[in-house]
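Following the working numbering, the numbering of the sequence shown begins with 1 at its first residue and continues without gaps.
Simulated from the structure, these hints should not be mistaken for lab results.
Where a beta carbon is used, it is the ideal one built from N, C-alpha and C, also for glycine.
Cross-link-like lysine-lysine pairs, in silico, BS3-like; alpha carbons within 25 Å at most:
no.: 1; residue 1: 189; residue 2: 205
no.: 2; residue 1: 205; residue 2: 39
no.: 3; residue 1: 167; residue 2: 189
no.: 4; residue 1: 26; residue 2: 201
no.: 5; residue 1: 25; residue 2: 155
no.: 6; residue 1: 220; residue 2: 205
Taking CB as the label site, the calculated pair distances span:
no.: 7; residue 1: 232; residue 2: 124; range: 15 to 25 Å
no.: 8; residue 1: 215; residue 2: 177; range: 19 to 29 Å
no.: 9; residue 1: 232; residue 2: 179; range: 37 to 47 Å
no.: 10; residue 1: 43; residue 2: 155; range: 14 to 24 Å
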Amino acid sequence: MCGIFGCLYDSDYNLSADQFINSAKKLNRRGPDNFGYIKYECLNKTLSLGHTRLSILDLNPEANQPMHSSNARFTIVYNGEIYNYVQIKETLKSKGHDFKTSSDSESIVHAYEEYGLDFVNHLNGMFAIAIWDNNKNQLILARDRIGQKPLFYSKNNNQLAFSSELKSLLEWKNMSTEIDYESIEMYLKLNYVPEPQTIFKNTFKLLPGHILIANSVTGKIQIKQYWKFNINRDTTMNFQDTMTNLESKIKKAVKLRLMSDVPLGTFLSGGLDSSIIAGSAS
Numbered sequence: 001m002c003g004i005f006g007c008l009y010d011s012d013y014n015l016s017a018d019q020f021i022n023s024a025k026k027l028n029r030r031g032p033d034n035f036g037y038i039k040y041e042c043l044n045k046t047l048s049l050g051h052t053r054l055s056i057l058d059l060n061p062e063a064n065q066p067m068h069s070s071n072a073r074f075t076i077v078y079n080g081e082i083y084n085y086v087q088i089k090e091t092l093k094s095k096g097h098d099f100k101t102s103s104d105s106e107s108i109v110h111a112y113e114e115y116g117l118d119f120v121n122h123l124n125g126m127f128a129i130a131i132w133d134n135n136k137n138q139l140i141l142a143r144d145r146i147g148q149k150p151l152f153y154s155k156n157n158n159q160l161a162f163s164s165e166l167k168s169l170l171e172w173k174n175m176s177t178e179i180d181y182e183s184i185e186m187y188l189k190l191n192y193v194p195e196p197q198t199i200f201k202n203t204f205k206l207l208p209g210h211i212l213i214a215n216s217v218t219g220k221i222q223i224k225q226y227w228k229f230n231i232n233r234d235t236t237m238n239f240q241d242t243m244t245n246l247e248s249k250i251k252k253a254v255k256l257r258l259m260s261d262v263p264l265g266t267f268l269s270g271g272l273d274s275s276i277i278a279g280s281a282s
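Let the sequences and hints guide you as you build the complete structure.
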């Protein structure tokens with residue numbers, strides 16, 4: 001699964017190495033194969049980025065994160081899988097980009113270098129991404145279109161912290177742990193807390209299909225929607241053509257997800273969906 005976490009905070013705030021390591025420990029089950037972190041000093045702010053890795057594609061240490069672009073301007077930590085990363089890589093190679101690994105994370109950071117904030121529209125996959133632009137002093141957070149990968153963030157006392165899991169954020173001493181009673185009310189009514197709220201005040205889930213841009217110089221935070229779900233009904237297809245089309249789409253989707261440098265398996269729930277996926281994969 002991998003886990004990502006980080007914090008953009010005032011430089012005079014003393015963030016200890018223990019806090020950072022404790023955040024990583026909370027995410028260790030998501031990524032037991034490697035732990036990496038980095039710290040940047042940027043004007044009056046400091047940025048810390050961390051990653052716990054579950055190795056799926058490119059098992060070499062060069063593919064560990066945080067990962068930098070070839071010009072060292074951009075740094076990424078990311079959780080997920082990009083199914084069309086090979087096609088993205090070939091396109092970017094033709095535009096002059098140099099790659100050092102065969103990982104999908106390197107394709108993402110180069111896509112951001114080439115396309116800017118539009119990079120998310122080139123990705124086919126599930127992801128929670130954090131990219132630091134060292135020239136613009138800008139942190140970008142992005143979540144996949146339907147929210148398969150979690151991404152939490154907390155704003156408090158000139159600090160922006162983010163993580164794959166809420167419990168990891170609790171290690172940041174500046175984070176407010178004040179309970180949001182509206183969220184409790186929603187939980188009692190619905191049996192869950194709707195996005196973007198969480199159980200804590202000033203702590204949120206980044207909505208699916210959205211990106212967050214935080215500028216460390218101005219302190220400004222923007223959230224933009226880059227994708228919206230639309231239903232386009234084709235009433236001209238008959239039942240047989242619809243079945244054939246659905247089967248083709250399932251096979252294509254499953255094939256994309258079979259890319260791996262480690263053995264793969266399927267969790268079976270006993271329902272039609274997992275049985276169809278296992279049958280197609282086999």
